[in-house]
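Chemist: Residue numbers 6 to 542, in the working numbering, belong to the letters of the sequence shown in order.
Simulated from the structure, these hints should not be mistaken for laboratory data.
Treat the hints loosely; a few may be bogus.
Stated by the list, open to error - Cross-link-like lysine-lysine pairs, in silico, DSS-like; alpha carbons within 27 Å at most: (1) K45 x K6; (2) K220 x K178; (3) K333 x K392; (4) K120 x K105.
Given the structure is predicted, the values throughout are model-derived calculations rather than measurements.
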Amino acid sequence: KYLKDLKPTVIDDLIAMNALYRPGPMQFIPEYIDCKHGRKSVVYPHPMLEEILKPTYGIMVYQEQIMQVAQIMGGYTLGEADILRRAMGKKKAEEMEKQKAIFVNRAVEKNGVDKKVADEVFEKMAYFAGYGFNKSHSAAYSVLAYQTAYFKANYTAEYMAAVLSHNMNDIKKVSQFIEECNALGITVDLPNVNTGAGNFVVKDGRIQYGLSAIKGVGANAVASIVKERDENGPFDSLFDLTSRIDLRNCNRKTLESLIEAGALDPVFPDRSRLMASLDDAIQYAARKQQDELMNQISLFGESGGGAAGNGEPKLRDAEKWTSMVKLKKERDLIGFYLSGHPLDRFRDDIRLFCSHNLGNDSIGSLDDRHSVSVAGIITSVKQVRDKKGRPFAFLGFEDEFNSAEVIAFSDCYDKFMNLIEVDNIVVVDGNVDTRGGIPKIIARSFDRVENLREKNQAKIRLRIQLHTSELSDQDLRELADTLKSSKGQTMVAFDVISMHAEPMRMNARRYVIDPTDELLKQLRTKFGRDRVSLERN
């Protein structure tokens, strides 16, 4: 905000703002801004200090200015001025009184300064010296901040890729910076053994997740994969990958991490089958590499029972991971959900029944104590006890937009303890607490997000768009039978669209249905996803 008000035009503006933006001198920032833009006249404590204070509009900002004032007005040597600066910084009363007497006497006797003015100048020096910032430090920080701001504004994806690469060993920071990428509209793609590098890289304006940033994947493993791929082309199967890389550098645990993080999705998208076949792939690679080493493969492709002669094995069948299992493994390894989000399948219900999300433009913009209903995932639970010894909890809570702290005090915690567990997807009803500047939610109740639609059946309507030109009598009979078979509390409305008449809304009172996922899937398969929806009454 201050920088926007300041509208800096020279690097000195940034240097001064950097030095002022700290407890104490921060109160002078509005004055500095007003003086820069001519809304307020610059006032100097004494004409002899104008040259020193002119760059900062009459305000003492830097330690160097304190020392210069001591030299010019107080007649201090450079060494004496440094002693004064240190004394002011330590705020020792006895030493300060001694230095004040020296400064005032010299200012009056040597420079003819009015005693009252000299007293006032010393007090200002003492105040600013307690918080004053070294100008050279402020200059270094400001130049660096300006350079990084320039890169972020003009080469945003490249800058964020560099930031992610620099912090790749801290999965929490990586997660935070990926959230920043999302806020900036930059897509971060899953890691990819066929196109990725060790670091985060930019391809076509999108950031590719760095292979070395995957938990459990070391630099030697990545080097082996990238070297082989660059020299001999992309990998086309799990067995091709394991047989071409050095398994001494890329062991089973590393391959597990690559699979669970989605880095092998371009090779084969079913991670559960890749994981089930991993031992086969490692054994196949060992046999093939041994065959090649022993030169057992004949000109006609025959081998003494070797792997290459028999061709690649097939992937084993395996029970497909649920979306939640897949995403949890992904998050554990890369710190974020990239291929989807656990809330995706509840998106319609959240839109209908939750009042807000955790984004800055949602709960972040609310007043204190505002009532909210928010869906999200519990990421952490810290149980503590209040003054009466009753347990309550601080929860980590996040959705696809942001994260927030939820506090469940003792009565609420006791009532909903069975729902307050890590990885549970829940709806929290509560009130926003804005104290401290970071919005929190004080919970009143918890519920499973799966219960939203069931509990609110009477508050919603099933809307089906019917195009008469595309429907037969048989289609209509089947629709009627489908709706009759689902008994519940939700009304049905048809939007009838005809080529020969205006669209018409018909409320079908004979049908009161239970809008289950299965029913919605059946209807959307028949009529199209965008023609079947739920809406509030």
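Chemist: Looking back at the hints listed earlier, which ones does the structure fail to meet?
Modeler: 3
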